[in-house]
Amino acid sequence: MNTTVKKTCIVCPMGCHLEAEVSDNGEILSVSGNTCKRGDAYIRTELTDPRRTLTSTVRLCGAGAERYLPVKTTGGISKARLMEAMKALGEITVTAPVTRGDVIVKNFLGEGADLVAGKTVDAG
Amino acid sequence: MEDKKIIIIGGGPAGLAAAIEANNQGIAPKDILILERDRELGGILNQCIHAGFGLHMFGEELTGPEYAGRFIDIVRERGIGYLCDAMVLSLSPDHEVAFVSPTEGFCRIRANAVVLAMGCRERTRGALNIAGTRPAGIYSAGTAQRYVNIDGYLPGKRVVILGSGDIGLIMARRLTLEGAKVLRVCELMPYSGGLPRNIAQCLDDFDIPLYLSHTVTAIHGKERLEAVTVAKVGDDRRPIPGTEEYIPCDTLLLSVGLLPENELSREAGIVLDRITGGAQVDETMQTSIPGVFACGNVLHVHDLVDFVTKEAYRAGASAAAYVSCACASNEGHEPDTAARYLPTEGKNGVRYVMPQKLNANGDLNADTALFFRVDNIYRDRSVILSVDGKPCAKVKKRFLEPGQMEHINLNEDAIAAIREGSTVTVALD
Numbered sequence: 001m002n003t004t005v006k007k008t009c010i011v012c013p014m015g016c017h018l019e020a021e022v023s024d025n026g027e028i029l030s031v032s033g034n035t036c037k038r039g040d041a042y043i044r045t046e047l048t049d050p051r052r053t054l055t056s057t058v059r060l061c062g063a064g065a066e067r068y069l070p071v072k073t074t075g076g077i078s079k080a081r082l083m084e085a086m087k088a089l090g091e092i093t094v095t096a097p098v099t100r101g102d103v104i105v106k107n108f109l110g111e112g113a114d115l116v117a118g119k120t121v122d123a124g
Numbered sequence: 001m002e003d004k005k006i007i008i009i010g011g012g013p014a015g016l017a018a019a020i021e022a023n024n025q026g027i028a029p030k031d032i033l034i035l036e037r038d039r040e041l042g043g044i045l046n047q048c049i050h051a052g053f054g055l056h057m058f059g060e061e062l063t064g065p066e067y068a069g070r071f072i073d074i075v076r077e078r079g080i081g082y083l084c085d086a087m088v089l090s091l092s093p094d095h096e097v098a099f100v101s102p103t104e105g106f107c108r109i110r111a112n113a114v115v116l117a118m119g120c121r122e123r124t125r126g127a128l129n130i131a132g133t134r135p136a137g138i139y140s141a142g143t144a145q146r147y148v149n150i151d152g153y154l155p156g157k158r159v160v161i162l163g164s165g166d167i168g169l170i171m172a173r174r175l176t177l178e179g180a181k182v183l184r185v186c187e188l189m190p191y192s193g194g195l196p197r198n199i200a201q202c203l204d205d206f207d208i209p210l211y212l213s214h215t216v217t218a219i220h221g222k223e224r225l226e227a228v229t230v231a232k233v234g235d236d237r238r239p240i241p242g243t244e245e246y247i248p249c250d251t252l253l254l255s256v257g258l259l260p261e262n263e264l265s266r267e268a269g270i271v272l273d274r275i276t277g278g279a280q281v282d283e284t285m286q287t288s289i290p291g292v293f294a295c296g297n298v299l300h301v302h303d304l305v306d307f308v309t310k311e312a313y314r315a316g317a318s319a320a321a322y323v324s325c326a327c328a329s330n331e332g333h334e335p336d337t338a339a340r341y342l343p344t345e346g347k348n349g350v351r352y353v354m355p356q357k358l359n360a361n362g363d364l365n366a367d368t369a370l371f372f373r374v375d376n377i378y379r380d381r382s383v384i385l386s387v388d389g390k391p392c393a394k395v396k397k398r399f400l401e402p403g404q405m406e407h408i409n410l411n412e413d414a415i416a417a418i419r420e421g422s423t424v425t426v427a428l429d
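Protein sequences appear in the order of chains D and Z.
For the first sequence, the numbering used here gives the first residue as 1, with consecutive numbering after it.
For the second sequence, the numbering used here gives the first residue as 1, with consecutive numbering after it.
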């Protein structure tokens, strides 16, 4: 028997209430409730390989009172590896100056996305 | 310090956008001054390191510092004046701003126009009157966010969050990622005030339970928080006896609403709106004091910074127009047509409408948007814009939630229907 899976779309702040019709063998038969293509793509990924953009901070030195640098992954990484990724961030220290968008780690954890600086910080 | 054409109080997203747009409209960078009380520009966005900003403005998801950074870069490139560590102490009805700063000392300067962009503050435990002791470990969610994201401290290990607004939800995820255990999020109302997607990606992703219609009724612990009592509430939002649970925890975060920070406005004599807590403004964002404009969270609390930016562009443009017009009338030109204000109102589920008044002699057009919030969750309803009871525009909505600000634009029918003494109403069908 087919089952209906309900998910809130997280792609944008609209938060569409998505529904996917899934067959017994896990095949996605139809998607409804989305108002754009990204919602369709989101629930399909979400049901097979859920991914999340990770945002956090890393240690910063050489910037005076500013001791932490906001960072993000440029794309989704496996949701199951978020805590592992947080541990990896704990090992990183960046030295100012740093420019918004600077790549800190290429292909972070081999997940395909880079870890980049979220803020421009002058040396100080 | 010299007098300025435009002084902007607050260097967060609203102040930055207002400054940039005022400059776009012909006010020289040196004639603009942003006064910011923090050590850097960017406001609260600096501590909002999560993604989700900028989808409307830039078509991509930026983090708070990235979003702010784009505007800070423009302000710096153009040489628009700004002063950090500058605390504004007072604003007078004739546009005199008094502030203190470590580099300038105490200053009084005047401006032709002032833009209020002070943002908002969090409601505190005191505002809720939660019974019990006063131990360490109780923070507003935004304070905890600053500790974690700017200062690098984890405020506690076992956390209860009261309030399911976006900051509370974001902090539930943030603390979990940093190694704390978030035991539950309690929400007084039967629905969450946060964006639906934040419930999905901040709570559901980490199996953090959301208890709707629940509140914290007591706080336990002497030096450090030891536990909270949580109880279910009835339709009257009062705790139901016998439903109390004792939850051991070391940290309680309060995410129970934001209040526009209007002490300066109040002292200046600006008329405030009882519901929004911000100034009453017209469609140009002008307050009850001519030449003083307001935008962003000091005007009404927004859920998306993108809308703050758009509102601030309008305020910045209006301030620039006011300055240009004031200069023109000083040179002997006729002053503009006097303003003729019509009230707006929200009815039948619409809690408030901003702007609170429209100038019938102003430039009302199809871009004039009326922003509003509903008072409950509604499904499959229409929003109706009417003038003196006559429906002029109708927009169908599948979902309406208090957590999402909505808007409806004036249309030709509405503008044509507006007469002397009209009332413009936004209501659900």
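Treat each hint with caution, since some may be false.
[What the hints assert, rightly or not] Result set (PhoX-like, lysine-lysine): computed pairs, CA atoms no more than 25 Å apart in a straight line:
| id | chain 1 | residue 1 | chain 2 | residue 2 |
| --- | --- | --- | --- | --- |
| 1 | D | K37 | D | K7 |
| 2 | Z | K347 | Z | K397 |
| 3 | D | K37 | Z | K397 |
| 4 | Z | K310 | Z | K30 |
| 5 | Z | K394 | Z | K347 |
| 6 | Z | K181 | D | K79 |
| 7 | D | K106 | D | K87 |
| 8 | Z | K394 | Z | K310 |
| 9 | D | K6 | Z | K397 |
| 10 | Z | K397 | D | K7 |
| 11 | Z | K347 | D | K7 |
| 12 | Z | K181 | D | K87 |
| 13 | D | K79 | Z | K157 |
| 14 | D | K79 | D | K106 |
| 15 | Z | K157 | D | K37 |
| 16 | Z | K396 | D | K6 |
[Said to hold, decoys possible] Computed footprint of chain D on chain Z; a stretch qualifies when at least three of its residues, placed anywhere within it, have a C-beta under 8 Å from a C-beta of chain D:
| id | region |
| --- | --- |
| 17 | 56–68 |
| 18 | 163–173 |
| 19 | 188–200 |
| 20 | 214–223 |
[Unchecked claim] Some but not every residue of chain Z turned toward chain D, in silico, with C-beta under 8 Å:
| id | residue |
| --- | --- |
| 21 | L177 |
| 22 | D205 |
| 23 | L304 |
No lab work stands behind these hints: they were computed from the structure.
On a predicted model such as this, the values are computed, not experimentally measured, just so you know.
Ideal Cβ placement from N, Cα and C applies to all residues, glycine included.
Taking the hints in turn, this is what the structure says about them:
no.: 1; hint: D:K37 <-> D:K7; in the structure: holds, 15 Å
no.: 2; hint: Z:K347 <-> Z:K397; in the structure: holds, 16 Å
no.: 3; hint: D:K37 <-> Z:K397; in the structure: holds, 20 Å
no.: 4; hint: Z:K310 <-> Z:K30; in the structure: holds, 23 Å
no.: 5; hint: Z:K394 <-> Z:K347; in the structure: holds, 14 Å
no.: 6; hint: Z:K181 <-> D:K79; in the structure: holds, 18 Å
no.: 7; hint: D:K106 <-> D:K87; in the structure: holds, 17 Å
no.: 8; hint: Z:K394 <-> Z:K310; in the structure: holds, 23 Å
no.: 9; hint: D:K6 <-> Z:K397; in the structure: holds, 20 Å
no.: 10; hint: Z:K397 <-> D:K7; in the structure: holds, 20 Å
no.: 11; hint: Z:K347 <-> D:K7; in the structure: violated, 32 Å
no.: 12; hint: Z:K181 <-> D:K87; in the structure: holds, 16 Å
no.: 13; hint: D:K79 <-> Z:K157; in the structure: holds, 22 Å
no.: 14; hint: D:K79 <-> D:K106; in the structure: holds, 19 Å
no.: 15; hint: Z:K157 <-> D:K37; in the structure: violated, 40 Å
no.: 16; hint: Z:K396 <-> D:K6; in the structure: holds, 23 Å
no.: 17; hint: 56–68; in the structure: holds (count 5)
no.: 18; hint: 163–173; in the structure: violated (count 0)
no.: 19; hint: 188–200; in the structure: holds (count 5)
no.: 20; hint: 214–223; in the structure: violated (count 0)
no.: 21; hint: L177; in the structure: holds, 5 Å
no.: 22; hint: D205; in the structure: holds, 7 Å
no.: 23; hint: L304; in the structure: holds, 6 Å
Comparing the model with each earlier hint shows violations of hints 11, 15, 18, 20; every other hint is respected.
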